[in-house]
Amino acid sequence: MDQNRTSRRSFLTLAMATPLAAGALAACGGSSGPGQAAEGDATIWFLTGEPKEAIRRQTVELFNERSEVGDLAVTAFQNDAYKTKIRTSIGAGQAPTLIFSWGGGSVRDWAEAGQIEDLTSWIEENPEVKERLFDAAWTPGIVDEKVYAVPHETVQPVVLYYNKKLFDQVGAQPPATWDDLMALVPVFNAAGIAPISLAGQSRWTTMMWLEFLVERVGGQEAFLAINENQPNPWSNPDVIQALTMAQDLVKAGGFVDGFTSVVADQNADQALLYTDKAAMLLQGSWVYGSMKADGGDFVPGGNLGYQSFPVVTGGKGDPTSTVGNPAQYYSISADATEEQKEIARAYLADGALNDEIATAFIQEAGEVPVLKGIVDQLSESPDPEWMQFVYDVASNAAFFGQSWDQAISPTAAEELLNNIAQLFLLEIDPQTFANNMNAAQAAQ
Amino acid sequence: MSNAPVGTVAVGPAAAGSAPASSSGRRTGSLTWLVLPALGFFIAFGIVPLVGVLVLSFTSWDGIGDVRYAGLDSWRSVLTDPGLPHALLVTFLIMALSWAFQTPISLLIGVFIAGNQRYRAVLAVLYFIPLLLSSAAVAIVFKALLDPNFGIGPGLGLGFLAQDWLGRPWLALFVVVFVVSWQFVPFHSLIYQGGVRQIPASMYEAAQLDGAGRVKQFFHITIPQLKYTIITSSTLMVVGSLTFFDLIFVLTQGGPGDATRSLALDMYLRGFRANLMGPASAIAVILVLVGLALALLLQRLGGKDSNTSQLEGA
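Taken in order, these protein sequences are the chains called A and B. Going by my numbering, the first residue of the first sequence is number 1, and it counts up by one from there. Going by my numbering, the first residue of the second sequence is number 1, and it counts up by one from there.
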């Protein structure tokens, strides 16, 4: 066993060094060296991307100023690069003290491998930690009734953004139903405007369309069957119908030309919307802040519209249901020293999301933090309507589905994303997709 | 640019060190000693990981849990996966196309910059620039230039450049080949330049006296004399393109769909995205075997005397 451990670590260290060089270059925006910190300090890794990167840094700086137990040292990574990096680092025993995640399948993997701390007893001893955050946010951090990840940051439903200027130009209304949406496609195409912007190379963006279609057509049971890895969840006729509808939209020319080479990490999908090249965009609530920052007059000028995903007539889903990220999560590495864990727990208790940070998320990022009692603050934000909309979507949802790629195991998620890319390229039909995915999830 | 063959540099210090030695025993001893550092590095960074990968290919491991023995499971899943023949096809297509694209261009540029005129030296420096850039940087820049909505075509209003370069399966493959070639043509030009400069001027003078023109000289002297340079350069291209990874990873991530998912990329995505270290290691072993076979084949093509000089009595 011991031997196994050494060989797998040295193998990983080697393996990490080479292929990740490419990812590291993309990820070097503002990182402060490798995960090693000064003696006694704990380490924390999180994601780049303004405006939230600045808030995350501010969070750590505030904590370090006040902390009596020790400091946190920061390293920041780009989203897609981080997902690979964190797993390799955990496997190689080089994990940071605080591990950022979206809960769900990856937390389950780490917990089952004994790589992250069971925080259940700590939370029972400190009930105030649990009580101050949204109740629904805790679920994705729980594995077999034990808490392995603590929520922080914001609730992020996926919403349908649209460009009001372009809708006025063609004299159309935003789609209330799927049929409306399909009817809009030829209207925009005839006007030389792409109906829908989509960052197809990133694949999880494409997945959002399927998530909503499955929920709207098949209801939350169909959706949960996938997240909970029930047998053959993809053979459900409703799911097949959802897959077929997605392909119909592709065939009708619903997505922007070249969507398969557009990348979300570079915000190209948002750029298509705010440069008036595309009329609609299905994306997480987190892109509001970056569209506001990058889009010039687009958001302040009132050109950005947003609404929930259209209803599918005759579908089993609830129109208020949504999908997305219930929160972000931090876990504590089991490899960390007792001193580092102490710092990490102090940070989770009231550093990661306190009143000041919650205000920063509301004021600067336009997102709704998962901290209770922030409703009053929403109206004082620079974007009160948007904030209220997100809050209502999140709190009134009959069902808040966690993103598939986060909920299921990383192995099945990779297979899912591959198959989704091929489905949207029309390279495979819905039945093949369902067979591939049933097999992939059964192997887990 | 020195005309000395590379071999003499390596032999130099060893020969000098052993010359005063009186007994043959001491001589062998000192030579063995000199090999050790290189051998150490080779074992540490070549053999040990190779054995590690071979062992891992018979296990089941998700990257963080325990490594479990799984017999031939990984091999079975890799060999029955329709993704493997496709990845092999993509790999060989990239290999063949980039060889066919790079070789004539590098050969011509190499012959051109082998001339001694000063302006050619200036051009040689310019041609060399792409090689100085990191693959990831090259890929990011090309990705931005080729963007169908915000790239160089729409930006300059050039309709024919506003293609969906990386979004259509076959086109994306050709774009990958082009960008790979753009980056590595300078390197191979350099090899050919060195090769051309070693061809004795007397051969050209004799040919000129016999009335051969420039084109005839090129085909009857330059190309036959460059036979081994061509083999060296081709080996580097072929084996290099087998493990080619970073540029494709940044440019397309193997997409659209799996159109540019080469074997090396497939290995990485399986190992580090899907966390299937067993099957990824099996693919790595396949890569090693294919690479070895190709290198041996190319050596054979060169004949047994490929390491001896061509200059005299050829």
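Source of the hints: derived by calculation from the structure; they are not laboratory data. Some hints could be false.
[To be verified] Some chain A residues near chain B, calculated using beta-carbon distances under 10 Å:
(1) T177
(2) M182
(3) R203
(4) L272
(5) T275
(6) L282
(7) L417
[Said to hold, decoys possible] List of simulated lysine to any residue pairs, SDA-like, C-alpha gap at most 25 Å:
(8) K130/A x A346/A
(9) K277/A x Q163/B
(10) K216/B x V239/B
(11) K164/A x A176/A
(12) K251/A x D164/B
(13) K372/A x D135/A
(14) K316/A x F298/A
(15) K251/A x Q163/B
(16) K277/A x G52/B
(17) K277/A x S234/B
(18) K277/A x D66/B
(19) K277/A x P169/B
(20) K227/B x L93/B
(21) K251/A x W170/B
(22) K277/A x F150/B
(23) K341/A x D355/A
(24) K277/A x K227/B
(25) K146/A x D66/B
(26) K341/A x Q169/A
(27) K277/A x D164/B
(28) K165/A x F160/B
(29) K251/A x L93/B
(30) K251/A x D66/B
(31) K146/A x G114/A
(32) K130/A x G301/A
(33) K277/A x I152/B
(34) K130/A x D294/A
(35) K277/A x L93/B
(36) K277/A x G157/B
(37) K277/A x E205/B
(38) K341/A x D66/B
(39) K277/A x F160/B
(40) K164/A x F298/A
For each residue, glycine too, the CB sits at the ideal point set by N, CA and C.
- Mind checking the alpha carbons of K277/A and D164/B for me, to see if they're no more than 25 Å apart? 15 Å, holds
- Task: For the pair supplied as a hint, K227/B and L93/B, confirm whether the alpha-carbon distance does not exceed 25 Å.
- Result: Roughly 24 Å between the alpha carbons, so the hint for K227/B and L93/B holds.
- Query: Straight-line Cα separation of K277/A and S234/B no greater than 25 Å?
  - Reply: Outside the cut-off at roughly 45 Å; violated.
- Hey, does the L282/A contact hint survive, CB to chain B under 10 Å? With Cβ-Cβ at 17 Å, over 10 Å, it is violated.
- With a cut-off of 10 Å on the beta carbons, see whether L417/A makes it to chain B. 8 Å, holds
- Straight-line Cα separation of K165/A and F160/B no greater than 25 Å? 29 Å, violated
- Agreement of K277/A and F160/B with the hint, judged by alpha carbon distance not exceeding 25 Å: Answer holds: K277/A to F160/B is near 19 Å, not above 25 Å.
- Message: Check whether the Cα positions of K251/A and Q163/B lie no farther apart than 25 Å.
- Response: This hinted pair holds, its Cα atoms lying about 19 Å apart.
- K277/A and L93/B: Cα distance at most 25 Å? Status violated; Cα separation ~35 Å.
- Holds or violated: are the alpha carbons of K341/A and D66/B at most 25 Å from each other? Roughly 24 Å separates the two Cα atoms, so the pair holds.
- Given hint A346/A paired with K130/A - CA-CA distance at most 25 Å: 14 Å, holds
- Task: With chain B as the partner, please determine if L272/A meets the hint condition of a C-beta pair closer than 10 Å.
- Result: Hint holds; L272/A Cβ to chain B Cβ min 6 Å, cut 10 Å.
Checked against the numbered hints above, the structure violates hints 1, 2, 6, 10, 14, 16, 17, 18, 24, 26, 28, 29, 30, 32, 34, 35 and 37; every other hint is satisfied.
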